[in-house]
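Please take these sequences and the hints and turn them into a complete structure.
2 protein chains.
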Amino acid sequence: MKVKGFSAAAVQAGIRYQDRLDLGLIYSDRPAVAAGVFTTNRVKAAPVLLGIERLRRGKAQAILVNSGNANACNGEPGMALARRVSTMAARQLEIDEELVQVASTGVIGEQLDAAPFAQQIPALVDSLSEDGFDAVARAIMTTDTVPKIVRKTVDIDGTLVSILAMAKGSGMIMPNMATMLCFAVTDVQIVFPVLQGIVADSVENTFNRITVDGDTSTNDTVLVMANGAAGNECLDEDHPERTELFAQAMHSVFQELATMIVVDGEGATKAVTIRVTGAGEKGGALNAARTIANSPLVKTAFFGEDPNWGRIMAALGRSDCFFRPDRVSIAFDDVVMAEQGMGAGAEAEREAARVMRRDAFTLTIDLNEGAESAEVLTCDFSKEYITINADYRS
Amino acid sequence: MKVKGFSAAAVQAGIRYQDRLDLGLIYSDRPAVAAGVFTTNRVKAAPVLLGIERLRRGKAQAILVNSGNANACNGEPGMALARRVSTMAARQLEIDEELVQVASTGVIGEQLDAAPFAQQIPALVDSLSEDGFDAVARAIMTTDTVPKIVRKTVDIDGTLVSILAMAKGSGMIMPNMATMLCFAVTDVQIVFPVLQGIVADSVENTFNRITVDGDTSTNDTVLVMANGAAGNECLDEDHPERTELFAQAMHSVFQELATMIVVDGEGATKAVTIRVTGAGEKGGALNAARTIANSPLVKTAFFGEDPNWGRIMAALGRSDCFFRPDRVSIAFDDVVMAEQGMGAGAEAEREAARVMRRDAFTLTIDLNEGAESAEVLTCDFSKEYITINADYRS
Numbered sequence: 068m069k070v071k072g073f074s075a076a077a078v079q080a081g082i083r084y085q086d087r088l089d090l091g092l093i094y095s096d097r098p099a100v101a102a103g104v105f106t107t108n109r110v111k112a113a114p115v116l117l118g119i120e121r122l123r124r125g126k127a128q129a130i131l132v133n134s135g136n137a138n139a140c141n142g143e144p145g146m147a148l149a150r151r152v153s154t155m156a157a158r159q160l161e162i163d164e165e166l167v168q169v170a171s172t173g174v175i176g177e178q179l180d181a182a183p184f185a186q187q188i189p190a191l192v193d194s195l196s197e198d199g200f201d202a203v204a205r206a207i208m209t210t211d212t213v214p215k216i217v218r219k220t221v222d223i224d225g226t227l228v229s230i231l232a233m234a235k236g237s238g239m240i241m242p243n244m245a246t247m248l249c250f251a252v253t254d255v256q257i258v259f260p261v262l263q264g265i266v267a268d269s270v271e272n273t274f275n276r277i278t279v280d281g282d283t284s285t286n287d288t289v290l291v292m293a294n295g296a297a298g299n300e301c302l303d304e305d306h307p308e309r310t311e312l313f314a315q316a317m318h319s320v321f322q323e324l325a326t327m328i329v330v331d332g333e334g335a336t337k338a339v340t341i342r343v344t345g346a347g348e349k350g351g352a353l354n355a356a357r358t359i360a361n362s363p364l365v366k367t368a369f370f371g372e373d374p375n376w377g378r379i380m381a382a383l384g385r386s387d388c389f390f391r392p393d394r395v396s397i398a399f400d401d402v403v404m405a406e407q408g409m410g411a412g413a414e415a416e417r418e419a420a421r422v423m424r425r426d427a428f429t430l431t432i433d434l435n436e437g438a439e440s441a442e443v444l445t446c447d448f449s450k451e452y453i454t455i456n457a458d459y460r461s
Numbered sequence: 068m069k070v071k072g073f074s075a076a077a078v079q080a081g082i083r084y085q086d087r088l089d090l091g092l093i094y095s096d097r098p099a100v101a102a103g104v105f106t107t108n109r110v111k112a113a114p115v116l117l118g119i120e121r122l123r124r125g126k127a128q129a130i131l132v133n134s135g136n137a138n139a140c141n142g143e144p145g146m147a148l149a150r151r152v153s154t155m156a157a158r159q160l161e162i163d164e165e166l167v168q169v170a171s172t173g174v175i176g177e178q179l180d181a182a183p184f185a186q187q188i189p190a191l192v193d194s195l196s197e198d199g200f201d202a203v204a205r206a207i208m209t210t211d212t213v214p215k216i217v218r219k220t221v222d223i224d225g226t227l228v229s230i231l232a233m234a235k236g237s238g239m240i241m242p243n244m245a246t247m248l249c250f251a252v253t254d255v256q257i258v259f260p261v262l263q264g265i266v267a268d269s270v271e272n273t274f275n276r277i278t279v280d281g282d283t284s285t286n287d288t289v290l291v292m293a294n295g296a297a298g299n300e301c302l303d304e305d306h307p308e309r310t311e312l313f314a315q316a317m318h319s320v321f322q323e324l325a326t327m328i329v330v331d332g333e334g335a336t337k338a339v340t341i342r343v344t345g346a347g348e349k350g351g352a353l354n355a356a357r358t359i360a361n362s363p364l365v366k367t368a369f370f371g372e373d374p375n376w377g378r379i380m381a382a383l384g385r386s387d388c389f390f391r392p393d394r395v396s397i398a399f400d401d402v403v404m405a406e407q408g409m410g411a412g413a414e415a416e417r418e419a420a421r422v423m424r425r426d427a428f429t430l431t432i433d434l435n436e437g438a439e440s441a442e443v444l445t446c447d448f449s450k451e452y453i454t455i456n457a458d459y460r461s
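Residue numbers (my numbering), protein chains in the order written: chain F, 68 to 461; chain E, 68 to 461.
Errors might be hidden in some of the hints.
[As the list claims (entries may be wrong)] Taking CB as the label site, the calculated pair distances span:
id, chain 1, residue 1, chain 2, residue 2, range
1, E, 413, F, 420, 46 to 52 Å
2, E, 164, F, 451, 50 to 56 Å
3, E, 303, F, 417, 55 to 61 Å
4, E, 142, F, 227, 55 to 61 Å
5, E, 123, F, 387, 23 to 29 Å
6, E, 198, F, 414, 44 to 50 Å
7, F, 438, E, 119, 30 to 36 Å
8, E, 348, F, 387, 19 to 25 Å
[Unchecked claim] Lysine-lysine pairs mimicking DSSO-like chemistry, simulated, CA-CA at most 27 Å apart:
id, chain 1, residue 1, chain 2, residue 2
9, E, 126, E, 219
10, E, 337, F, 450
11, F, 450, E, 450
12, E, 69, E, 126
13, E, 450, F, 337
[Stated by the list, open to error] Examples of chain E residues toward chain F, derived with CB under 10 Å:
id, residue
14, 109
15, 144
16, 363
17, 367
18, 377
19, 384
20, 389
What the hints contain is simulated information worked out from the structure, not anything from laboratory work.
Glycine is no exception: its CB is placed at the ideal position from the N, C-alpha and C atoms.
In structure tokens form, the structure reads like this:
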């Protein structure tokens, strides 16, 4: 599947490691409508600050991305570097530098060297191709073990529109956007405010509903470029039905990528959906689900395949959600492990332990207080997580 | 060191495991003024609910404590059990059952059997002795690797007053009191409101300033009995100077125990003081210190002895504390690793890595925004933590 007007490429620039793809470029043959969502962390990396500034115009034509170094916490030199490499790319592509978005991922707090960019950007531009997206998905990997890329087409009033999106992210993953990068390109014709709305909404309900370790990063970025090459009737505020079709497609693409991120969570051996139902209010349900999803004791019990529902109650009890303990029921998939705040016995526990052996299962906590619910996707906490993160920079 | 009028004992009751002390009793030969602080978790174990109810009178004479089972999430049967075992102890001791406090620690969500209590309480009462406190400190251990007990005397206007306190706690440790039990006995003569004030203050600045994993428990309890046997001039609201002496002693006892808990944190290999200085407001400083102290990525970097200050910046950035990234400096003990939000270079990093090999060090984050500061004591996150918690119930 191609996305009309878009091409991509990746090269080995030796930014931190040798012999691996670490510099990527995504390019549209015409300026595209562009929308983005960036980290909520107070510490924002240079490329994020630059990206926010440039995206005010709602337009972009290229994304230059490197792994190995996040260009975060580098002060003015970091900002200058981000501008400088964007200028290099713009010159080589012969486009306005304001239309170049830069993204970086990797180690925080080390100055990024311009030399590998200067050396490799000509080759990068030369090798742009419709088939280059898989290489970029590889180039943005850090502790990821697999590249993450999703393609989807959607029929809008008889015109086929394509979406291609890739993501990276494996640790430092938490709501408010996970340490992740996601780039999506689509040939849909759409106006900026509608695209921005769809992207913001979809991020909130997909990437902001996953967690690996509760940490958020300085570089989280979701960027979408829509170049209109498909030639569909323009998606704007006056056509909510056809816009909705595209919004659903974008949402499902993000959902697939978000799930891939959790499944590939650092050291993860299983993906667990935490569903809190019967809450009095939505915010409380989400807070409760996130608190449980980030509890080290709950996550180590997942790893140990131990249906230790007491730890779930304890995590729930320190969340900001109102509930009465004697109304709570807890189920692992369809096995009810606790009712009215009390354990359902040894047989239920044996069955729940069997459920936990699965690669993926759903933990449902019903508060029996109201009608609100929320879901968060998390993974277990294994020894491998510690190994990966204790040795990350060595 | 004895504490006048107090005795203690522990026995093997086989509550969960055989051949280990798991049932303890602390007793005052006269009713004592008693103060307590209990978990803020919305899910409170039966003994906590009973303890809060009984402590309204500000009096207690005995504490019955078991390990192996937390008697939490057990509904009405759990409450009935807590009352029943307190009655057993009261009868054997020939005191009012309202003066018996019960505490439990261990697995959540399993009904506690009364039989081991019925069988062992007579022997427990028979073996009460002034020297029995070390045995109780052993009996309350769960994943603790060492018993934690502190003794202190303080001279109040010529009268020697003694304090003996013990604690347990190793995992599920977070501010709002850590999953911990702490029992202190003192022969000081003191009025209830003054004692309660001292205990609440001391807990806030000691046990509420440590964290192992950010989880809080259903059973956290600090109980202090003061029986007046020392015969000092009574500590009351009209004598702030002499009260202050005692308050300082109590604070230092709690501080010592809190430190022992972190050092014995599940799988911990080092104790790290997180000090946030130069904050605009106190609450922000504390929130920032706690966020850093609980970040899995920061804690795994401690374990890896990697001065990965970027992760510290990232954790700081997701806290609720206001700061400007380009003003922040970070130091490992006396080694400045970052200034004005930027790294201090490779030599500083090598020196900081050397500091991190120590069993204990201080991480100072200066925001350079104001005059407020806060400290939290934490430990690193090792593979052993995962092992302990994945296999806890098996």
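Hint-by-hint comparison with the structure:
For residue 413 of chain E paired with residue 420 of chain F, a C-beta distance near 49 Å keeps the hint of 46 to 52 Å intact. The hint said 50 to 56 Å for the Cβ distance between residue 164 of chain E and residue 451 of chain F, and at roughly 51 Å that hint holds. Taking 55 to 61 Å as the suggested C-beta distance range, the pair residue 303 of chain E and residue 417 of chain F conforms, at roughly 58 Å. For the pair residue 142 of chain E and residue 227 of chain F, the supplied restraint of 55 to 61 Å holds, since their beta-carbon distance comes to about 58 Å.
Separation of residue 123 of chain E from residue 387 of chain F is about 27 Å and conforms to the stated range, judged on CB atoms against 23 to 29 Å. For the pair residue 198 of chain E and residue 414 of chain F, the beta carbons lie near 46 Å from each other, so the given range of 44 to 50 Å is met. Judged by the Cβ atoms, the range 30 to 36 Å given for residue 438 of chain F and residue 119 of chain E holds: they are separated by roughly 32 Å. A C-beta distance of roughly 21 Å is found between residue 348 of chain E and residue 387 of chain F, which places it inside the suggested range of 19 to 25 Å.
Distance hint between residue 126 of chain E and residue 219 of chain E is fulfilled; the C-alpha atoms sit about 23 Å from each other, no more than 27 Å. At most 27 Å may separate the alpha-carbon atoms for a hinted pair to count; residue 337 of chain E and residue 450 of chain F meet this at roughly 18 Å. For the hint linking residue 450 of chain F to residue 450 of chain E, the alpha-carbon distance of about 5 Å falls within 27 Å, and the restraint holds. For the given pair, residue 69 of chain E sits about 21 Å from residue 126 of chain E by alpha-carbon distance, which is consistent with the 27 Å threshold.
A hinted pair counts as satisfied when its Cα atoms are at most 27 Å apart, and residue 450 of chain E with residue 337 of chain F qualifies at roughly 18 Å. Evaluation of the residue 109 of chain E hint against chain F yields a held restraint, the C-beta minimum of about 4 Å falling below 10 Å. About 8 Å separates the beta-carbon of residue 144 of chain E from the nearest beta-carbon of chain F, less than 10 Å, and the hint is met. A hinted interface residue such as residue 363 of chain E counts as satisfied when its beta carbon comes closer than 10 Å to some beta carbon of chain F; here the least separation is about 4 Å, so the hint holds.
A hinted interface residue such as residue 367 of chain E counts as satisfied when its beta carbon comes closer than 10 Å to some beta carbon of chain F; here the least separation is about 4 Å, so the hint holds. Hint status for residue 377 of chain E: holds, given a least beta-carbon distance of 2 Å to chain F, under 10 Å. The interface hint given for residue 384 of chain E is met, as the beta carbon of that residue sits about 3 Å from the closest beta carbon of chain F, less than 10 Å. Contact between residue 389 of chain E and chain F, as hinted, is supported at the beta carbon level, the nearest pair being about 8 Å apart and thus within 10 Å.
Checked against the numbered hints above, the structure violates none of them.
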